[in-house]
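K.L.:
So the chains spell out like this:
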Amino acid sequence: MRAIVTATLVAALAVAGAEMVFRRSGGLPAVVPGMTRIEYQWKMRRAAERDGVVLYVVGDSRVGWGFAERVFNGEYVRLAGSRHVAAANAGLAAAGIAANMRYILELNAHNPPQAIVLHYSPAAFYYFTNDPGPPIPGLKIQDVLDDRLDARLAEWLWTRGRWQEAARQVAAYLRTKTVAGNANFVHRSSFDDGFVNATLATNFGEPVDPPAYQLGFYRPLIGALRANAREARARRDLVADVVRSAQARGWTIVLVRFPLGGPLRDVEATLPQDLQPRALADALDVPFLDYAADLRTAAFETLDGSHLTPAAARRLAPIVARDLFALLHERLDATARRPPFVP
Amino acid sequence: MVFDSLFFFLTLIPVLALYVSTRATRSRFAKVVLLVYSWIFYAMWSPPFLLLLIGSTVLDYWVAIGLEAWPSHKRQLLVLSLVVEFGLLGFFKYYNFFIATTASAFRAIGVEWAPPLVHVLLPIGISFYTFHCVSYTVDVYRGRIRAERRFLNVALFVAFFPQLVAGPILRAGHFLPQLRETRALRWKDAADGLTLVLFGLFLKAVIADNIAARVAFLFDHWRANGPAATWGAAMLFGVQIYMDFNGYSLIAIGLAQILGFHIPVNFNAPYGAAGFSDFWRRWHISLSTWLRDYLYIPLGGNRRGGARTYANLAVTMLLGGLWHGASLMFVVWGAMHGAYLCAERLAREHVALDLPVPRWLASAALVAVTYVTVSITWIPFRATSAEQCLGMLSRLFHGGVGGDAALARDYAIALAVFGGHCLSRRFDVIAYAQQRAALRFASVTAILLLLYFYAGERSEFIYFQF
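Chains as they are written, first to last, in the working numbering: chain A, 1 to 343; chain B, 344 to 809.
Same shape as in the complex, but just chain B (with noise of 0.2 Å):
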């Protein structure tokens, strides 16, 4: 099931009535509703796969108890948990990419060979629930958290609809201990979870959606267009994918506020960021966090001399990049990403740089740089074929400028976007909002009366196909 769905929120409202009657006095019913709910909500679009999330959250609850119970088995146990969550994984989502690559490797030896490519569907969210699993048993492993005994608690925690298929990414320490406790709801959770909700929707179907068009037609006709069209692409992209999946993210977070669990932020003003390593403190935090705790950190970090940390953080990074999905384009977003934050830790080590201008200058002009080659990855993250990845980076730099006014509101967007994530960099806006009844009363009517009037063609949201 979607969020940005008439029919997601008729079914919500029983459900929760039926939660929030039950929740003080029945806690337990109270969770078994929201699983059921949950496992309805991820049967909505394949009930095939929710055996396969059923099986995944059955393998590593008894693991997970299993590294209690036999300390003396633990790497084994660990191990067999890894292969299938990760061997799942990469059937689904990396099998006939792995094919097609190999054969393109015979074919460029002369060698005509191929294995079979196999027509699967990929399970939706299965990038997410993996990483949930498989971070709760390398936490229990490490001895971080104890195994959790009731099955019912470690379902919910894998398949919690509001980050079921898309995130953020949860963490067992963090919401397993919520699941354990019976926090009385309060109005003003409900309230801001509400505010939230209606804010994401509003970034989906009215931004997300109104542009998801002229993003698409800017990419369907790239050599048509010269650098001004091309840095538009890209940057009306980043627009675009920031607005639906920030949007998803609020309304994600928001939902569990109503039900009384916290699920922490996974943006913040991400384009206002100065440098890459500040980005990605910014964007997508929970993959980041999770990235650096269960990949960069275990292959050594920056503990183990110059040579490796630039080395495990080109790896971690070109792995973030192929999560995104079993194509080489993610994997050169990745590769240039790795690259920016190596070059970046490269000049923070090696440059002592002392520019007679203000501070302030120089930050901005960080700030300003950072966003424009951040904006170019997004032509690789969007490029359906290596040939519009290349050609779309060649003209950015070559070329006739020209210009439409379509072209001067999309630049209008992403500057407006652009500035307003630099302004969040001292001044909260929805925590703003939030604080003050009037700001809250016109900005809830301003999202309703555009929800109503304006919401574009809904699309998909763009993280489902991760």
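The following block holds chain A by itself, in its conformation from the complex (with noise of 0.2 Å):
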């Protein structure tokens, strides 16, 4: 027992050493800004097993960090009277909107149609290619709480997992003896309203300004956009053909854009004009609520010009739900009831 006690000891004093060094050369930790696949397919997976009709709300992290499902439902319910209808945060971090919808469709081959609320951002539709994985077999409970310790020891143990990158960075210190300017996701926040958001910080302690983080990413990204507009069509005609699949197996889709910053929307705007949200809700022939451009809600505050702050995703969510309520009610009150799908 000795040597276990003295290799433990030592073990932790060289991860100590690994640490300090990772820091000392600039490291930062590395989190997932938003939800994590395990957690995505496991609130996936119960939406799934409900009963009624549950709307899934699909897109980037401007779903996964700025809608509030839990409050939605609690409108919806107060508004129909039941708890038929219910909606679910799919917002994946960087996802593409076909392989995310495509997950939903999958996952749902066995029941009644359900609805889908695909976010608008340019990045999701056109761009972003990240997806929730292949269906995880087995997953359960405990796969979800490991990957919450995981999650947070990562903000605390920042070399764990990380041997390459921890490696080629003290490398490039030791090579240059300076510390290379770096900003990350160094800490997640999970919401009980049901989305969660990330801090980004940097190493060179300096504050971020994250409204200039958004448009640094977003002013070449649209730039991109607008001189490979042939992809950017191929990407929505990949989406439209995934939309048309699921309309024909009876699914309701909905087009909406959430309110963002008022820079990042002119930047927006500069995009084609089909491909600009009116013309491709038209081109998916799907209603579309524009709550970026509706006086109730376009000047809700943003975090970084690009997500909604936790508050005012707590403000929009019953606007959604009423809006959606008086648009949809009947149609999902109906599939609700119907009897359910016999392969």
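Calculated from the structure, these hints are not laboratory results.
For every residue, glycine included, the Cβ atom is placed at its ideal position computed from N, Cα and C.
Honestly, I wouldn't trust all of these hints.
Claimed, not checked - Far from chain A, some chain B residues (derived; all Cβ distances over 12 Å):
id, residue
1, G453
2, P641
3, A776
To be verified - Some chain A residues close to chain B (C-beta under 7 Å, calculated; not the full set):
id, residue
4, M1
5, V5
6, A14
Stated by the list, open to error - Residues of chain A placed beyond 10 Å of chain B at every Cβ, according to the derived structure:
id, residue
7, A80
8, E106
9, D209
10, A248
Fit chain to chain and form the complex, with the hints in mind.
P.N.:
The following block contains the structure:
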């Protein structure tokens, strides 16, 4: 036992040393800025097991950080007087719309038709490629708890499971004797309302200007999309195919856009007309609710010009619930009362 | 619950503390702690199926008591137990397979008829705990052990968390006496157990999980592979499944040892086996001995003449293959092993080889042939379709050889494991490391650091699906 205890102490010292060197050389933790794949799959599976209709709100981190599903559900129950309809935040950071939709459609292959609220962001529709991953067999609550522990540990133990990255960085530091500037998501916050957000930080001691960081990402991206509009249109057509196949199976699809900061909205408005959300809704033949241009919500506060603040997310959800209730309730209520689908 | 999990170890620490502090003075309470934790461990996967586990336990507890109380109804009681246990196993594991196969057979003769498929989940570990329960009732029926009067002991025998979901398969005759006595816990057992747990975690998280993606790549792109890559895929999967399952078994054995129980080893350097019967004395030992004692010997074993012996071997291996899962691929895997065993027996009985080579060379050649032929069987075991299985088997011998650095690394890993197993025929590495403090210190330090820096992306233990 003495050998084991000594070995544990030596290993702990070695880890502490590695952590110190990594931090001194400019290392930062790396956390997933939103739901992890395991959290996402777990949540979607539980949603798919529900009776009634589930409104899957599909999008990238603008949904993941900014859609308060519980507030939405509370308001919808109040309006409908029943729990037949419930929403699930299916926002996955940097996820493409088509892959996200396909996962949900396959998950519900044996269920009655449900509903998808597609959230428009140019990155999600025309650029991002992250996906929910292949279905994890035998996913259980322990995996989710482990995943949460892993996510929390990633904030404290920066080198855990990252030996290659740590070694590269330390080697670069030893070579150049300078700390390279680095910005990363360093802390994740999970909210009871059903959304997750993350904090951005740098390793050079200066505070991050989140709107500038987002504009620094989106300006070149929108420029590239303008320059390669053909590629963006091909991505749009891919989404349109998935939407049509869902509609053919009886699914209800709606397009929405959440509020965002003025400068970013202006940048996104420079996209070609046919890639704008209104034209997209027409192309997909789905209703469109534009909260970025809605007087009730357009001025809602954002964290960084792109993602809503938690308070704004909570204020937006009941408004979305009321609008969707007015738009879809009869259809969704009828769908929810339909007998189960037998393959 | 699974072992390669921070959550598991976090919950285990208070349970261990409670168990250790009460075992000497309140052994019954300590066992209740273990049982409740074992049931929670199981329910973490699917709470409703815990009822199935408890139901099986209750049934066999009463059947065993009944076997002693009503000797004139022994046969009926045993049949009741076997029908229920194998009925549940058959329904959950094989119903859809049976239906799909029947529908295919009807389609082959031009009849479009398919009974309804049932969308049920497979209760995790059902193959393992069914075998526990069956071995208990059969041993009581045969008079080898007495029926246990304390339900707590039977329940803990069936649900003991270290081995509940993926074995090793326990025997009542080995484990129940350990539950009846309260042996003092020793530091040495705890240290040895902890070393095994760490070593098992290393095999699973550092080796198996890190090569899982490469194995998946080789099998997913089998059409593009030539003989070199196909052999590499088969051998690397052999490494993965060995590391995965042996890792799980070592963690189970180590945890049991920390708790003061002994579970026999499940693997003994199987890729160093000289012959197929030797392989099965070294691979998944708890299953192969179970099949020998409860299937092969009751079928007649080798006592009923030559032809019957071969038939018994074939049937045992076929059912052993089917035990792994409801798929024709597992049946093929079992059939291949059955054929190997029959061929080996035939050769031993009828072919007298007197080769002019040293005995060690003949032995080394036998080990190499066994390794290569066993590696071939991993193709049907891992293949997801008959087309893939046949395609890969044919690519073992056809096509351009090719190869790259990644493939060279695959071969290096497989051959390192093979070499290590050959070495283990004469040298017990783990026992050697456990006896020397300096070596134990060095290996535990290295394992802890590798687990911290280099653990692969977590994946389910392969044997959980069985």
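K.L.:
Each hint: holds or not?
P.N.:
Evaluation of the provided hints:
1. For B:G453, the requirement that its beta carbon stay farther than 12 Å from each beta carbon of chain A is met, with the minimum near 24 Å.
2. The Cβ of B:P641 sits about 33 Å from the closest Cβ of chain A, beyond the 12 Å cut-off, so the non-interface label holds.
3. Its beta-carbon lying about 10 Å from the closest one in chain A, B:A776 breaks the requirement of being farther than 12 Å from that chain.
4. With a cut of 7 Å, the hint placing A:M1 at the interface with chain B holds, because the nearest CB-to-CB distance is about 4 Å.
5. Because the closest C-beta pair between A:V5 and chain B is about 9 Å apart, greater than 7 Å, the hint is violated.
6. A hinted interface residue such as A:A14 counts as satisfied when its beta carbon comes closer than 7 Å to some beta carbon of chain B; here the least separation is about 6 Å, so the hint holds.
7. Against chain B, the non-interface label of A:A80 holds: every CB pair exceeds 10 Å, the least being about 30 Å.
8. Distance check on A:E106: its Cβ is at least 15 Å (rounded) from any Cβ of chain B, clearing the 10 Å threshold; non-interface status holds.
9. Once the 10 Å rule is applied to beta carbons, A:D209 is consistent with being away from chain B; the minimum gap is 34 Å.
10. In this structure A:A248 is separated from chain B by more than 10 Å, as the shortest Cβ-Cβ distance comes to about 23 Å.
Hints 3, 5, counting from the list given before, are not met by this structure.
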